[in-house]
Each structure stands twice: as C-alpha cells, then as structure tokens.
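2 protein chains.
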Amino acid sequence: MLLPHWLQHYKKDQLNGDIIAGIIVAVVLVPQSMAYGMLAGLPPEVALYSSVLPLLLYAAFGSSRTLAVGPVGLMSLMTGATLIDQGITDINEMVTAAHTLALLVGAALLPMRIARLGAVINFLSHPVISGFVSGSAVVIALSQLKHIFGLDIPTGLPAYESFYLTISQIPQSNIATTGIGLGSLALLWWFKSSLAKILSRQSISEGAIQFITKSGPFAAVAISTVVVYQLGLNNQHSVSIIGDIPVGLPEILIPSVDPVLIQRLLPNALFIALIGYFESVSIAKSMASQKRQKIDSNKELIGLGTANIASAISGGFPVAGGFGRSMVNFSAGANSPLASVFTACLVALTLLFFTPLFFFLPKAALAAIIILAVLPLIDTHTLKQAWEYDRTDALSLLITFFTVLAVDVETGIIAGVVISIGLYLNRSSQPHIAIVGQIENTEHYRNVTRHEVITDDRILAIRVDENLYFANTNYLEDTIMRLVAENKAIDHVLLICSSISFIDTSALESLDNTFYHLEKADIKMHFAEIKGPVMDKLRNTAFIKKIGEENVFLSTHKAFQTLKEQQ
Amino acid sequence: MLLPHWLQHYKKDQLNGDIIAGIIVAVVLVPQSMAYGMLAGLPPEVALYSSVLPLLLYAAFGSSRTLAVGPVGLMSLMTGATLIDQGITDINEMVTAAHTLALLVGAALLPMRIARLGAVINFLSHPVISGFVSGSAVVIALSQLKHIFGLDIPTGLPAYESFYLTISQIPQSNIATTGIGLGSLALLWWFKSSLAKILSRQSISEGAIQFITKSGPFAAVAISTVVVYQLGLNNQHSVSIIGDIPVGLPEILIPSVDPVLIQRLLPNALFIALIGYFESVSIAKSMASQKRQKIDSNKELIGLGTANIASAISGGFPVAGGFGRSMVNFSAGANSPLASVFTACLVALTLLFFTPLFFFLPKAALAAIIILAVLPLIDTHTLKQAWEYDRTDALSLLITFFTVLAVDVETGIIAGVVISIGLYLNRSSQPHIAIVGQIENTEHYRNVTRHEVITDDRILAIRVDENLYFANTNYLEDTIMRLVAENKAIDHVLLICSSISFIDTSALESLDNTFYHLEKADIKMHFAEIKGPVMDKLRNTAFIKKIGEENVFLSTHKAFQTLKEQQ
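Protein chains in written order, with our numbering: chain A, 2 to 568; chain B, 2 to 568.
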C-alpha cells in the first residue's frame, strides 16, 4: 500500500506529541462541531459526522502536518446562508442539501488544481482578507446572541438587522437560558484568560496545563448539561436543548445528485470552495513557516477536496482547516497528521458511546462556545497597521468589513476585491514621474526635487515609475506635453525606462503620438535603460525604427553625455 | 456679451474656409441625419432637429474648433436599443423618450466634470476601443441590410441573429427596393473611390473636387427620390419611403421629466453619455494634435452636455461628435466653430423649406448612406499591430469585438474592460524577477542571463520589475525562498527596488514574512535603490526598523561593496 510521505518517515519520538495533541483537539472539536452544526441550522450529528472521515482523508492526502480539518465557523455560516437563500427549510431537505453542497465543494476543489484556479486568491489583498474575516467573525458572534438570550429571531437577515432585533427583544429574554448563556461565556472566558496563570503557579506540568486550559468548551458543555438536567430547565423554563443524537457511526451513502439541486447550489459551492481553500492554505502556511516546512498548494486542493467528498458521503457538510483548532493542535505539540487520526478516532468513539450524554446540552452553551471561538478572529491589528501605512488599504478593509455586516459574506468579499483592484488601478493610472539630474561626479541620476543634481536646460530627462499601459498612458502624454510647453529651451526629451517592465499596445500608440508632437515642435525623443524583455518586444516595431536605435541608450549617463555634445 | 474665445480672436481670412466647410458638412449632414434617425427607429425630423441647436451650443461652449456635432451612428444605435430594451414601441412614446434620454445624457455630462468621471475612460485600452468601434460599425452595417433588401426583420435581436435572419430571407427580397439599395451603395462607393481621381484629371479647383466628392449622400438621396417618384415605386412596388416631414423649425419645449421614465432610462443614459464623450474627445484630440491645438476635457464635457440638453429641448435625441463629418469639416478647411454655425443655418433652411422634397426618399438609400458612413470605422490595423506586438492585447480586442456582435454594445465594452484589467493584473501578478551581477569595471548591475557580469556566490541580488502589491506578493516570496533553497551558499539577499514605485500593506507583510524566514535560515536581507516616495512611507514602519537602516543602500554598487567586505 502506498503510505503518505509523513507516515513512511514516521519517527517514534513523534508519537507522544501526536497522541496528546490528538486528544486535546478532540476535546475541543466535539463541542465545537455541535456548535457549528447549530450555526448552519443543521442537527449536531451532521457536524460530528464531518469530524471523522474528512480528518482521515486529509491526513492521507493533504500537505500540512498540523492543519486541523473539520467544521469551521465561516463554512458553517455560508452553508446555512446558502440553504436559506435557496428556500430550503425542511430539516430533511436541509441535511440532504448540506451533503450535496459538501460533494460540490469537494468536486470543485479537485479540478481547480488543473485550472490553476487557486491563483484567484492572489487577488485578495491582506487588508481585504482581514476585513472579511473580522466581518464574518462579528456576523457569526452576533448571530449567536439570540441563543444566549433564548430569543426567537428569524434567520437569513443581514447581520445588523438581526442584531437590532435581538437587542430590541432582550426584555423578553428567557431568564434561565440567559443565565446559562452568560454563565458559559464567563466560564469560557475564565478558562481562556485566567486559568493558565493560576495553574502555572502550581507545580503542574506544561502538558497538563495545556490540556486543562483547552478543555473550556468541554467544561461548559458538561456543567451546563448537568445544570439543565438537574434543575429540569428544559421542561420548566423551556431552555432549548440539543435532544436526541443518533448513536453510532455515520453510514456511507452517495448523497443526492439531483441536477436541479446541483444547479441551485453550484454558484455558492464554488464560492465556499474558494473561501475554504483560502482559509486552510493561509493557516497551513502560517504554521508551516514557523517550522520551516513547505505547503504544496496542489496537495492542499486534493487534501481538502477529498476531505469534503468524504464528508459528503459520510453524512456531513462542508469542512475546511479551522484556525482555532489548528493552533491548539500546533501548540499542543502535534508532529504529524497522525494527531488528526487520533482526533477522528476519539470523535468516532463519542459517536459510538457518548451521544446520549448530550441530550440535555443547552443550545446557549454551544452559542457561547461559538462566540469565544470566533472572537480571536476579529483583527484590529491589520486595520491599525494599514491605517498608518496606507489609507487606501485601510479603506478597502473597512469597506469589506461593513459590507459583510450590512449585506452578506459573498457581497463583502466581492466588494473588497473590486475596491482593491480599483484603487490599485487608480494609483497606477497617475504614476510618479520624476525629472532627474546628475549627482555631481557620479554616474547616478536622481529626482531633482529630492537631491542636489546637475541639469541641462536643453534636456528634459524624466523617469516614469510605472509600467506603461492603457490606464496611465494619457497621463504620461499629457505630462510630457505640459513640461515641454512650460520650458521653451528643451531640445531633447529623454525617457528613462528603468522602472518600466512592460509597454502595452495602447502605450506604444501613445508614445508614437508623443513622438509625433515632439517632432513637430522640433524636439527629439530618446530612451535610456530600457529593460531587456521590453526591448525584445519593441525591437520589431515601427516605432523604434522611427526613433532610431541610436537614440536608445543603455544608461542615462551615456545618454546625457551624448546629448550634451549635440547642438 | 461674453463671446467665445475663438470668436473674440476671429480673423477675416478664416471666413472662407469656414463657409465652404460649413456648406459641405451640411450637404453630408442632412441625409446622414435622416439615416441615423432611421437607425434609432425615430422619425427623420427628430434627427434633423438634433442638427440645429446642438451645433450652435457646442460652438459656444466646446473646445474643439472642428468637431462636427450632431446625430452619430453609435449614439443612434444605442438610443434605439435603449428604447427597445425598455419596451417603448409606440412612436409617440419613443420620441418623448428620446428627448428625455438626450436630457439625461446632457445632465450626466455636466456634473462629470466635477466628479472627474471623465477619468473612467482611461480604463479603456486602445485595443478594446478598436474592437468596440469595429464591432459597433459591423452591427450598424448589418442592421441596415434589411432596408437594402426591403425585408421585415424584427429589431432588438443580437447582430448575428438579425444578420442570419436577413440572409435566410434574401430570396423574399423586394426587387425594387433591392435595386435602389444596391444602386445607392454602388453610387456612394463610386463617389468615394473613383470620382476624386476622375475629377483631378480635369482642370477643376481643389475646393470644387472636395465639394463634389463629399456630396455622394446628397446625390444618392436626390437620384433615388426622383426614381421612386417617377416610377411610382412606393405604391406599385411597396418601396418604403420616408413620407411626411413636418415643415418648420423645432419648437422649444421642456421634455418629459416623468420620474418613472427617468429611472428606466438613467443607466443607459450614463453609458451613452460616457461613450459619446469618449468618442467626441478622441476625434477632437486627434484633429487638434494635427494643428497643435489643445482640447480641454472639461470644456468638452460642458460643450457636449449643453449640446445634448439643447437637443432635448428642441425635439432631438442624443448627439455627439461624429468621426466622418468631423473629418469632412477638417479636411474641407474649417478654421473655427463658425463652420458649424453655417451648417446649422443650412439645416434650419432645409427644415423651413425643403422637407417636402424628401417625401419619396426611399429608406434603402438612407441605409446605403449609413453603411458607407460606418465602414471606415472598421479598423483592422490595430488588430494587426496588437497581434504582432502583444497577443493579450489582440485577445482583448477580439473578445470585445465578438461580444458586441454576439450580445450588444454595452456588454461588449464591459467585457473588454474586464478582460483587459484581468490580463493586466495577471501579467503583473507574475512579475519579471532578474538576478543581477556587476558589469566589469562599472557601477552597473544587469541581468545575469542577458549580460556578462560578475557575481558573488554569497550574495543573491535580485531586481523585481514591478510594484509590490497584493497580486504579486506571494509570487515574490515563493521565488526568493526557492532561490535560497536552491543555493545553500547564499548569506545575503539584496532586493534592488529601482522598479518599485509602491509597496502596499499586503506586500509589506509579505516582506516581513520573508525577512523572518531568511533570518531563521541565517540569511540577511538588504535593500538597494529604494525610491524616495517609497522610502518616505517605509521609514516609519516596524519593518524597516527590523531591517536596520544600515541595510538599506542608496545604490546597488554600494551594497555589493559593503556586503563583499562582510564575512
């Protein structure tokens, strides 16, 4: 049998770390899964099923050693939104559609490798991603408030509307539910913020501290379940509980491939696939770089693709690599994907024996788990950095963030991409154009406004700090003609091309035009420092023949020396 | 009274040229107007009304001396398409909507000046424009075939469908109409191609030749009208004729400002305004540059805006500067907008006295006039040039062209813009990265694959020929890490930034990441030739403090000298 690379070279001393990490991740994953299932509006078992087979497939085919695959907040949110968008509200239909969606996501990821579609993510700037992730985290957190307060808010509304409705109905909260919800939030917060400090003062091993502090969700589940059961809160105070979860492993079944359903789900499936791929690769890269390992984007597409197909055929919904759990896995010392195999086994054991224990688990506790899981994704650091470094980047971040909140995640990311491309084009459409002169006794030529340089009245030497293409070619033409008009002494225009990596057809026409006008005004046009690849393309054009090869200089210095001698 | 600039400085010797040009343009304009009215599906008088007041207003406010404003093919096509799109088919409603459309086009042009929206046209590359103009010309020409053959083809179909229908129905052509249509085409072609040569052999003055060769449309109108009248072709052979055109000048009336109608027409009005502005400015610029005059884009917006509003209130439809007639005006010796004033007066005289003469004018002759007017717009030169110089530009030209034919002009231009921006981003997402070395005994550093240079195994000096921004930052990071992994001797990575005009937030993060990885591998990172504006922004970042100002060199040469001394 062909074993994965990491397994062929497995070393004994890696086992300890993998076992511990596998257990800790499982302790986080079981409650988180059920919570993300709830976020998608699906029964908890769908999410638990997504936490077994997909993990094994990713371990076999993925390239990251420590990525923790399974249900994640963003994918769950988008899955739920897709079902609502398509008007699928019957619970059985929702479950079927969720399987089909996972199948489509998996099926979309596999051919992306061939079409190199993964490159699309290059068009997402970091600020747009930051705005998108923060916005999604806020949307997810806000969507859980209704569970914390036990309110009945319709789904499918934009985040701000749903938030407004929730706030306005807080007076009608269910007191018992609110108690459990806020109590769970407090407990989880305490695990996260204070417990590690308390434990580190005791003489407890580092590993045990890791284990205890990460089991906050588990503790919230356990305590809230016991409280509801003991006090009978589900009956007497109508606290919403999880209820029955079927015992046993998922059956392997080919999901519905109803063509009508596929057609309805496909556009969103492509989007979910791209986002899931992007999220997973980002996390995997960030962990791999810390250990100087490499992520292979193509293997990632296969790993995630097969994981989603595995989810589809084992009763699950779309999965991806999750930020929080991957960090837990990584910091708990996982050395290889074997850790995920242990995690999957533990989830399987839970499905086989322990699901009846979750009957009285209140939804408010799960909501608290979701909120605490997504809060760290809200990233103000990038906003601050972008604001200080480049306001236009900060602007695209904010537009993405607020569009996610005001409309939805898809529109948010599309708005972000459009705005960042637009701003980039706008920036490059008015390139920096420097008039340069010689630094005394050197062969260097620099901007006249920034350096003390020697110039010659008869020579206008300008350096364009941008590729010449359709969006900026008018600007260049206008600038040259304006400079020439302002200074009647000019006999030579020297265009220094050290920053120009390509000249498109529009720009070539525009240069031709400029040449024509300058010629009419008895001004000669010259070029210096044209780069090799640019010159290769220019060499065969009528334009360069018009200019004359003798007017194309290798260096600015040579051009200046030659032109100074000319009368 | 505040006279326009050109009138304040009017010289007597300009008058002759203006009168002759004014007359010749009028001779072309009257038949062309009626033809373009037919193209838009509107009565001929609407187009004639568009040829009086708008010309006077443009003369008063525009900046081009020779631009011939009035009905043009593209605007008429788009006006007709807009009315069909909106389901406006009743002739009275169509006329009202055409006035409103002109009002909206004018109203849209005026504030564009403030919003600097004219800059949007910078995002149209020359190849996209060429594909768009050629495609529109073909669409217009094809749309007239039905009139040539006297067929009844429904409007509002994509060009290829309408063409297919026409061809398949040619056996059912109206013989008399076909005779007139083909005869007119032949006559016009003869005027265009052979007449000038014949006349130049006679001893006729240049001016008279100009006048005679340009009166082809007038001759086609006169001859075909006489033929139809004499042979009674309209009754006996059901040849379609123009019919009644009301006698007299247009009334000045504020057009309907029905809010519902405005809402329906507004999106297309904005589009027509942009295209009209673009077409006019392109023509005006090309003529002005030949006479070393200047076009003021802002004045153009006002000139065209008021011309369209004038058209709206005097019973016309959207107008712009036309390519063909402007060329006629220019080459007939027009010196100032006074030529257009004469033209307007002659059209007014026609409206006052001569419209009954057009009663028997066959539509087939007008169709022939349209076809001959738009054929010169089909531009294969740019395609050929782009194909040789840059295939991606040729691709965007062809996509635009075929989308115009297969869908419509709006979709065509949108497709062209999207594809050219996409290709540009794709190109800049994989920038040219050169490894450089020293040219012996100089301070110059060049690509190792193109020049004989001296390198140092311990120093990897790379020059990135592109701005660093979100779309290419992953590529750079991957390339550096690959180069470092391939050559274990490297101790220093020197990034030469001579081609980098800005570094966005994403790229800054990516550089930070690269620095982190290199540091872990005991490799130092240095920079050279960072441009002034880029350094200004970097100076305050945490990144440059990490790098250390001592590792940022003014020149590549200094960097090499310093690094060679280091162990």
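I should point out that these hints are in silico values taken from the structure, not numbers from a laboratory.
If you're wondering where the values come from, they're calculated on a predicted model, not measured in any experiment.
Incorrect hints may appear among the rest.
[Said to hold, decoys possible] Chain A regions said to be covered by chain B (calculated; three or more residues, Cβ under 8 Å):
| hint | segment |
| --- | --- |
| 1 | 418-426 |
| 2 | 497-503 |
[Said to hold, decoys possible] Using 25 Å as the maximum straight-line C-alpha spacing, the simulated DMTMM-like pairs for lysine to aspartate or glutamate come out as follows:
| hint | chain 1 | residue 1 | chain 2 | residue 2 |
| --- | --- | --- | --- | --- |
| 3 | A | 538 | B | 380 |
| 4 | B | 385 | A | 537 |
| 5 | B | 538 | B | 520 |
| 6 | B | 547 | A | 537 |
| 7 | B | 546 | B | 487 |
| 8 | A | 538 | A | 550 |
| 9 | A | 385 | B | 513 |
C-beta atoms are modelled at their ideal positions from N, C-alpha and C, and glycine is treated no differently.
Right, here's what the structure says about each hint:
{"no.": "1", "hint": "418-426", "verdict": "holds (count 4)"}
{"no.": "2", "hint": "497-503", "verdict": "holds (count 5)"}
{"no.": "3", "hint": "A:538 / B:380", "verdict": "holds (23 Å)"}
{"no.": "4", "hint": "B:385 / A:537", "verdict": "holds (18 Å)"}
{"no.": "5", "hint": "B:538 / B:520", "verdict": "holds (24 Å)"}
{"no.": "6", "hint": "B:547 / A:537", "verdict": "violated (39 Å)"}
{"no.": "7", "hint": "B:546 / B:487", "verdict": "violated (29 Å)"}
{"no.": "8", "hint": "A:538 / A:550", "verdict": "holds (14 Å)"}
{"no.": "9", "hint": "A:385 / B:513", "verdict": "holds (16 Å)"}
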